[in-house]
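Read off the chains here:
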Amino acid sequence: MKRFTAIVSLLVITAIVAAVNAAVFAYRWMQVSVSIAPATSARGAACTGFYSSVAQPGINLPSAGTNYNAITYGANTITISTGTPVCQWTHGGNAYSLYESIEVTIPLTVGSWYIKDFYGFGYNGTAADPVVYVYVKVEDLANEANIEYANLIIYKDGVQAATVDLKSGTITGSSIMLSPGEALQLDLAIKASAQTDATFRVGFYVGYSSREAPR
Amino acid sequence: MSCVETMGTAAVYRKSLTASAVLVATLLFSISFYVYSSAFIYRWVSGYTSITNIKLVDIASNPYPLCIGISRTSRSALYFTDFETLPSGWYQYGGQVEINPNGYRGSALSIADNDQGNVADNVLYIYGYDLRSYTEFWVSAKMRNTTAMFAMNIAFFDNAASPPRNIWTVPIFASSGGYAGINPGTVSVYYWNQSSGWQRIAGPVSITNYNPANWYTVVVRYSRSGNRNLFDVYVYDPNGVLVASIINAQQTSRSRPRYVGFAVDDGRLDVISTALFDDFIVSTADPRRIMFENLPGAGYTVEVMDSLGNLVNSTRTTGTTALLGIVTDIVVGTGLNGKLRVRYPNNMLCLVTSIPTSDATVGGDTYRVTWGPPTVDTASRTVAAYIGYGGNRTVGPLFNISVYPGDTRYTYIELDTASSSIPSTLNLNISIISALGAQSSKVLIVNGVVQSSSTSAVALQGSNNYVLIEGFFTSRGWQATLNLNIVACSTPNLSICVITPVTVYLSTV
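Protein sequence lines correspond, in order, to chains A and B. Mapping of the first sequence onto the working numbering: position 180 corresponds to residue 180, and the numbering continues sequentially without gaps. Residues are numbered in the working numbering as their position in the second sequence, beginning at 1, plus a constant of 215.
It is possible that some hints are incorrect.
Far from chain B, by Cβ distances over 12 Å, these chain A residues were calculated [said to hold, decoys possible]: (1) 40; (2) 56; (3) 91; (4) 177.
Below, in silico cross-link-like pairs of lysine-lysine (DSBU-like), each with a Cα-Cα straight-line distance of 35 Å or less [claimed, not checked]: (5) 191/A with 270/B; (6) 191/A with 156/A; (7) 657/B with 270/B; (8) 156/A with 270/B; (9) 657/B with 156/A; (10) 270/B with 137/A; (11) 167/A with 270/B.
Here are some chain B residues pointing at chain A (derived, C-beta under 8 Å) [claimed, not checked]: (12) 259; (13) 261; (14) 266; (15) 465; (16) 710; (17) 711.
Keep in mind the hints are simulated off the structure, nothing from the lab. Note that the structure is predicted; figures quoted are calculated from it, not measured. Glycine is no exception: its CB is placed at the ideal position from the N, C-alpha and C atoms.
Required output: the full structure, derived from the provided sequences and hints.
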């Protein structure tokens, strides 16, 4: 009997230890405090975004987006709707905004088209603000069957800075450096062989390093 | 604890503290760098294109062909000279013969009667080409007298190398010369024989509105029928208006004209006066016109220009052939080069043919025009055409540009130089003409070198716009491939554009 008692005791202890071990947690924690400043307080890379110098006359950024509402054919026009204003400031008594995103709608016909400077991407700041680097990435390909090619071509100061192949996602050109007060012009070259609709989405990632691209 | 031990412990502590500080600083820097480099502000573009199956801009054939060249197929002139220099092969009897700078165009032949050693009381200047094998030929010259001149003549002779015994003359009398029955401002036909002297065989016929200062063109058709010498005489004023004529003047003789030239008589002793002669031609056919064959059709215009840029004459065609009168300047210009031009029915140039400096356009010539429509393939957007070579400069519509109804496109053409094949023999310019007549600047190629690769933009609407070319290869047997982009934009700032590539093949016939 004693011998059985010892065995039973060992089993009970083992069970208890096992049970206690399974219920023990090592606890760690991360506390994140996100402070959302108003657009009027955006500085540095946060004060980059889309704009049209025609839609916002007098803006203290280079001429860009001059064809944001141009006719493509007949009575059809480019239409661009802007997203959230992410950087706002006043200049010469007028308020100006840079937008987080734009949604571009371009009615076209079959053939090869070149849409020049349909919108701008600028960086508002002072001379004391750091330079920023813009990386572009195709997030939604324009790979519809009847699209023979579709390229987003980015110009800075009249010089081609990058070409984004919207069909393959290939980027030609490295990150684009922007100093405060500089801007990019966005062109689109597209060729369609037959009637179709095509969509694409391109991300603009703005950081402070020229050596590390976004994932 | 000893003092030494205490100091040693403090030193170790300071070193450890320093090392820790360095480590912390390094970590902080690394962390800050990591955070700094990895933070991105994210923005994005969403694009949507709706592509409609419309050919906004397309190419099409133009209804008119291109004129490719003009070549002379026959010449009836046996001899011609514009007397820019003293001709060789002529025989002179009496007088003074020299070149005078005051010709009709350029210089002229000046013959002065000095009353010494003349045959038939005239100064004779005879071209030494024997015409006896011709039973019909034409002679023409332009002539103008000076003060006190009596008679200036186109003349026919039975001899050249030795003094003629028979002379037939067609005089224009500028004065009576003191002879009864001679009326100034008339034309006649005379015959002179060594034994019987002068005999008038036709005339005088008054020259309408005769002006002694004018150049008059005298055209004489000679023919031999049996034992008769027949003369038809036509006199034209400087505007080419027929002001006198004598038809079928006859003279019966066993002798017949074998040589032609001039005779001059001032009519009085001790008076030296001169006559000027220009545009001399001897021809087997009527030298008052030239013929154009194989024209594209009615409504075209053919023109003759002299080397000085003067329009000699033009005429509008009623069919595929055209006769163009050039009686005002039968040996065109100064007897060298000049131009022939063909115009489309809308008066636009179709062809400019430069006559080489070694040649001339003269009365009695026949020319053949070569032309052909460009081949336009709208599916492959290719255009093939022949253009002129050598002195033939083609000017004309290569193809039409049509714009979708209701739309306006600000359009220019750019030449893709890198992908084009352009020989050094090609000289060409390319421009756009809108339906309203506006013309762009030109793509310019000179001796195969692209001097301007793009036109300016013009606003195009509808289908009656076209691409105009003007050019030539310097010699035969060449071809060129030009890759053009028609860039048609919705806005005058040329920002929103549809691009239509067109391949153009040009070659010589």
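Status of the hints after comparison with the structure:
no., hint, verdict
1, 40, "holds (16 Å)"
2, 56, "holds (17 Å)"
3, 91, "holds (21 Å)"
4, 177, "holds (15 Å)"
5, 191/A with 270/B, "holds (13 Å)"
6, 191/A with 156/A, "holds (24 Å)"
7, 657/B with 270/B, "holds (25 Å)"
8, 156/A with 270/B, "holds (33 Å)"
9, 657/B with 156/A, "holds (30 Å)"
10, 270/B with 137/A, "holds (33 Å)"
11, 167/A with 270/B, "holds (23 Å)"
12, 259, "holds (5 Å)"
13, 261, "holds (5 Å)"
14, 266, "holds (4 Å)"
15, 465, "violated (78 Å)"
16, 710, "holds (4 Å)"
17, 711, "holds (5 Å)"
Going down the numbered hints, you'll see the structure goes against just number 15.
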